[in-house]
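> So the sequences go chain by chain: U and L. The numbers in the first sequence follow my numbering, run straight up by one, and end at 514. The numbers in the second sequence follow my numbering, run straight up by one, and end at 735.
By construction, these hints were calculated from the structure, which means they are not laboratory data. If you're wondering where the values come from, they're calculated on a predicted model, not measured in any experiment. Heads up, a few of these hints could be off.
Sample of chain L residues with no beta-carbon within 12 Å of chain U, all distances over it, derived [as the list claims (entries may be wrong)]:
#1 418
#2 444
#3 497
#4 498
#5 539
Derived DSS-like pairs (lysine-lysine); straight-line CA-CA distance at most 27 Å [what the hints assert, rightly or not]:
#6 U:506 - L:633
#7 L:695 - U:279
#8 L:597 - U:416
#9 L:576 - U:416
#10 U:365 - L:418
#11 U:496 - L:722
#12 L:481 - U:419
#13 L:597 - U:365
#14 U:484 - L:443
#15 L:455 - U:512
#16 L:722 - U:372
#17 U:353 - U:366
#18 U:506 - U:365
#19 U:508 - L:732
#20 L:692 - U:365
#21 U:408 - L:597
#22 L:481 - L:557
#23 U:506 - L:557
#24 U:496 - L:455
#25 L:595 - U:512
#26 L:481 - U:506
#27 U:419 - L:607
#28 L:557 - U:283
#29 L:702 - U:506
#30 L:597 - U:512
#31 U:265 - U:460
#32 U:419 - L:455
#33 U:416 - L:481
#34 U:372 - L:597
#35 L:432 - L:576
Heads up, the beta-carbon is just placed ideally off N, CA and C, and yes, glycines get one too.
Below are the chains, spelled out letter by letter.
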Amino acid sequence: MKILVTAKRVTDPDMKIKVKPDGTGIVTDGMNYKINPFCEIAVEEALRIREKGNQAEIVVVGIGPKEAATELRTALAMGADRAILVLIDKYYDSTVVAKILKKIVEEEKPDLILTGKQAVDDDSNQASQMLAALLGYPQACFASKIELTDGGKKAKVTREVDGGLETIQVELPAIVSADLRLNEPRYPTVPNILKAKKKPLKEVPVDSLGIDVTPKTEFVKMTEPPTRKAGIKVPDVATLVDKLKNESKVL
Amino acid sequence: MAKVLIIAEHSKGQIKKATLSSVTAANKIGGGFSLVVLGKDVKGVADAYAKFGAEKVFVIDGDVFKNYIAENYAEAVAQLIKAQNFEFVFGSATAFTKDLIPRIAAKFDAGMASEVLAVEVSGSDVVFARPMWAGNAIAHIKITSPVKFATIRATEFDHAKESGAVSPVENFAANVDPAKAKVEYLEFAETKSERPELTEARVVISGGRGAKGPEGFKMIEELADLLNAAIGASRAAVDSGWVPNDLQVGQTGKIVAPELYIACGISGAIQHIAGMKGSKVIVAINKDEEAPIFQVADYGLVADMFKAIPELVSAIKASR
Ligand SMILES: Cc1cc2nc3c(=O)[nH]c(=O)nc-3n(C[C@H](O)[C@H](O)[C@H](O)COP(=O)(O)OP(=O)(O)OC[C@H]3O[C@@H](n4cnc5c(N)ncnc54)[C@H](O)[C@@H]3O)c2cc1C
Ligand SMILES: Nc1ncnc2c1ncn2[C@@H]1O[C@H](COP(=O)(O)O)[C@@H](O)[C@H]1O
Chain U
264 MKILVTAKRV TDPDMKIKVK PDGTGIVTDG MNYKINPFCE IAVEEALRIR EKGNQAEIVV
324 VGIGPKEAAT ELRTALAMGA DRAILVLIDK YYDSTVVAKI LKKIVEEEKP DLILTGKQAV
384 DDDSNQASQM LAALLGYPQA CFASKIELTD GGKKAKVTRE VDGGLETIQV ELPAIVSADL
444 RLNEPRYPTV PNILKAKKKP LKEVPVDSLG IDVTPKTEFV KMTEPPTRKA GIKVPDVATL
504 VDKLKNESKV L
Chain L
416 MAKVLIIAEH SKGQIKKATL SSVTAANKIG GGFSLVVLGK DVKGVADAYA KFGAEKVFVI
476 DGDVFKNYIA ENYAEAVAQL IKAQNFEFVF GSATAFTKDL IPRIAAKFDA GMASEVLAVE
536 VSGSDVVFAR PMWAGNAIAH IKITSPVKFA TIRATEFDHA KESGAVSPVE NFAANVDPAK
596 AKVEYLEFAE TKSERPELTE ARVVISGGRG AKGPEGFKMI EELADLLNAA IGASRAAVDS
656 GWVPNDLQVG QTGKIVAPEL YIACGISGAI QHIAGMKGSK VIVAINKDEE APIFQVADYG
716 LVADMFKAIP ELVSAIKASR
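Given these sequences and hints, build the entire structure.
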């Protein structure tokens, strides 16, 4: 089988984000970048599916600037076989991502598409569902467990939803988006990092795909979130209860 | 005709309060709104939703809609949008609508705003404010497609009040072939709880890795019983399997904004703070005085939670 996995280059989730004073975006000086944690989980899941004895080619796809090759190399070092980087250098939203991925899927014809539930920079949580709609494929989003069934023709997926866990079975090809509890991604080993340098990585300029990549949203401005005013430390439980009762009146 | 369609969520025959926040957001747009309720035998829910000022409450009812399957629901709602020419489609930002709305949006080649915090209207211009980077930046965006989709963050909009009138409830016969979906609904393992729902509780008490195990959460439960509180958790506590997944508070979990939030043994990672910083009063109990959670806490107590929580329980009992 063939598994297509998406890997987005995002700002390091543990770095402090500051909005530019002119409101045109965020400050990127000195920023580190990483593979989107949810995509990393998706890559790991593809590897585990293969390690369970399923013959599988794993193709990883990224959309972004030339630098996004670094994150694709990370996915290759984890164990993916080859990478496709769609180069785009202007503002895009999840509708554009979905259209680009649709095109790649039509070319690659994977049996399973694994994505991350959301990109931790834009926090949209849209592209996977949009891609499923464009392709007319079933979707199983927010997955915490995936099991291939029916000789690899279907997948049984447990989804993290409000109020509990839901299990559905989808016919392949399908889109499954990874949630946090799906697995714990491995660290690439040094030999694998070296090997990954020689694995194929194809760069594809977005214009060569022949699709309309006009976004359906328009960025107006970026603002700072409201800040909370600094609180106090209380010396003991008695003071805490007194404050909650008499100062903030929440008890 | 109404401008906004709201996908109304329900559970066990009851309306969801979060949907009423979407009603408030729709009222900011103006031009009227309608609701749609999907499911099997959901006329009762539709009647309950008819009290909030909708132009109409549409019901899409049938065996096909008994369980939520994105493919079927998306197709049905898309048909309704086309038939009624809605310009905006909203739903509250819950797992259900987050899964469903993007799938509908793509059928219209439409843009979408996720987790909307504010709807800014000037003339015919509508700008949506939405969080990015775990809420550390707020993007203001316009949607340029003819139909515009959004999920609304319930903590940022008051629940709409009953309007005094009753909206007409109308059946919409969606033409959905269940065989097309290629999805089989297998089961729902419900997290059973007697406590108030996490996103609706007046008080939330959350535990983190500092709770060290289910025993730590036993202690938290005792305090929660006393305050009729919901229990939340950090990712670390959920990943350790001490509490169910859907109690995770944060960037990728539940967004809560109770009157009182008590964080016990939680360090205060940005991903956690993203889910609770809208709370009215925040209390943090942590034995590390440098823990970042103290930067957002109104009242910080540097203490061992295993000592502090029982003390807190007795002190609250004594003060009553
Ligand atoms: C993509 C992504 C998404 C994420 N989404 C979320 C999310 O939605 N929600 C979330 O919470 N996290 C999320 N995280 C994880 C987040 O980054 C932190 O790892 C997590 O919040 C840490 O949980 P914690 O505070 O319980 O554990 P720790 O950071 O280990 O902190 C434990 C704290 O307990 C204190 N402590 C220990 N013992 C005691 C004691 N006896 N009494 C009092 N205090 C004690 C310690 O001083 C410490 O501060 C996400 C991470 C990623 C990468
Ligand atoms: N630029 C990108 N490159 C690769 N994958 C992406 C990109 N943008 C989004 N995705 C995938 O789509 C998922 C949802 O993205 P989003 O809708 O932006 O939250 C992400 O977790 C990724 O797996």
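> Going through the numbered hints above, which ones does this structure break? Give me the numbers in ascending order.
9, 10, 15, 16, 18, 20, 22, 23, 24, 25, 26 and 30
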